[in-house]
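Trainee: Residues per chain, in single letters:
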Amino acid sequence: MPLESAWELLARFSPRREGNSIWATVPTDEAPSLLEALYLQGWSYLSAISAVDWPQRGALELVYHLWSLEDKGFVHLKVELDRTAPEFPSLAQLFGGSAQVNEREIYELFGVDFPGNPALGPLFLEGWEGPPPFRKDFDWRAYVRDAYYSEAREEDRAYFQD
Amino acid sequence: MPISRTDTYLLPFGPAHPGSGNFRVWLTVQGERVVRAVAEPGFLHRGFEKLMEYRTPLQNSVLSDRICILEPLSWNLAFALAVERLQGMEVPARAQYIRTILAELTRIQSHLIWLGAAGLAMGFETAFKLALTYREEVLKLFEEVTGARVYPAGYIRPGGVRRDLPPGFPRRCLEALDRLEKDLWELDSVMLENPSFLARTRGLAPLSPEEAVRLGASGPPLRASGIPYDVRRDDPYLVYDQLEFQVASRDDGDALARFRVGRAELRESIGLVRQALQGLPAGEVALPPKPFARLPEGEAYVHIESAHGDAGVYLVSTGDKTPYRVKLRGPSFTLLIPVLEHLLVGVEVADVPVVFWSLNHCPADMDR
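So the protein lines, in turn, are chains P and A.
In terms of numbering that gives the first Met the number 0, the first sequence opens at residue 0 and continues consecutively.
In terms of numbering that gives the first Met the number 0, the second sequence opens at residue 0 and continues consecutively.
FYI, nobody ran anything at the bench for these hints, they're computed from the structure.
Keep in mind it's a predicted model, so treat the numbers as computed, not measured.
Treat each hint with caution, since some may be false.
Stated by the list, open to error - Listed below are several chain P residues computed to face chain A (Cβ distance under 10 Å; list not exhaustive):
{"hint": "1", "residue": "R16"}
{"hint": "2", "residue": "G18"}
{"hint": "3", "residue": "W22"}
{"hint": "4", "residue": "S32"}
{"hint": "5", "residue": "A36"}
{"hint": "6", "residue": "Q40"}
{"hint": "7", "residue": "Y44"}
{"hint": "8", "residue": "A47"}
{"hint": "9", "residue": "D52"}
{"hint": "10", "residue": "F73"}
{"hint": "11", "residue": "N101"}
{"hint": "12", "residue": "P121"}
{"hint": "13", "residue": "F123"}
Claimed, not checked - Below are the SDA-like pairs computed for lysine to any residue, each with C-alpha atoms no more than 20 Å apart in a straight line:
{"hint": "14", "chain 1": "A", "residue 1": "K49", "chain 2": "P", "residue 2": "A141"}
{"hint": "15", "chain 1": "A", "residue 1": "K49", "chain 2": "P", "residue 2": "R82"}
{"hint": "16", "chain 1": "A", "residue 1": "K128", "chain 2": "A", "residue 2": "W184"}
{"hint": "17", "chain 1": "A", "residue 1": "K289", "chain 2": "A", "residue 2": "V61"}
Beta carbons: idealized from backbone N, C-alpha and C, even for Gly.
Work out the full structure, taking the sequences as your base and the hints as a guide.
Mentor: Below you can see the structure in the form of structure tokens.
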């Protein structure tokens, strides 16, 4: 059973089991080989990759949501990257187009580099030159106020009051 | 294939809304054949994941309407389930049945738009008008229940649903389903079983099971490629484990198979609504709302089988009133970027809209 074998594979990283899901945080340098081992065990449907920004502890966390079509369960594998220059090897070769496009989104919105990804260009944003906009320290409201409203205009003044 | 400068040109498909939805794909065309396709998303990027970090769960449940206009209730549901899993809430049984009824009605009207829009793109304009007429019946039901035809303003909210079904709803819903079931043959005859439709879709843009998984396909396109993955069956939520239904799937993987899976799902969804109406228990429809409560610290991942496929919500909380981070897995994100780019290579220009509309996508949940 893949859920049991995944549990064994991740046992030394004190995983957590919830129903048909396994959650585990693994060391960054071991993560690529663990993801490959999971892929070979049948965790081959990469449902999504999430990024979570933790400026308080200087980390950018990636969560790989792997679904097993045979075993009907999830492995949510988490890796913590250094927030100042976040970088993680691309899994586009292993998991295919799904990994490629998820990495591309995280590259644009969180500024994580994925060496080996064949096309890390802009995805949703047009002509964006600012910092990765989904990071915690990017103040959206201030950006929108300054870019689209003017304190001099009567109808915009409400946006500049606290 | 070497690309010559004299017979090769770049052709944008989209982003004019009636043709492509708010989405564009750049086609490199050689003669009549597409040799390369590059998706250009972003026309509907509203940044919901970030917006949700500023809002409480109840506010977010209203916001979640807008993730996909074709199925706002599905996203209400996915978000509510994520909050409930994080909080360990037990939702009253009647609410779970009402949610199931609405989720399947949502699938019915979304599939009708899908098939109708595909008809429009292929010149079956009668099919488009028929499909939208049928859909109207469902929208009237939504208006009765949620107060609005399209955007329910967070009718499905964490803890239950906003209010109970109006008196007489089960009877009117069953009557609408009977009419729909009786009339669907028209859609078959003018489009889905029409010889020219079959000739245009059979064998077109086949997707193998291996490719479908690697490209992250879900929903009808994945099931049409021989992989019967359906969250309702494989990871049951609401009351799906107590209802009987077949997971529609086919092995052919071509455009025709995708449409046929969609057509079969219409039938299954009608059956599911009838069963859920029959089993509808009495009782409360929601836990009391706690608009100012703090979310417990922790994380939850929930996914549902939305009309378009596997729709996921990853919720992270640090114990504030608002979520710390919300990640939304829109099924169209992979369908419209890697899957579409892969399937368009080698097809003729005239078939591009057919392949495009065979994928049952929603540009809004791709961009989020």
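Trainee: For which of the previously enumerated hints does the structure constitute a violation, in increasing order of number?
Mentor: Hint check: 1, 4, 5 and 6 fail, others pass.
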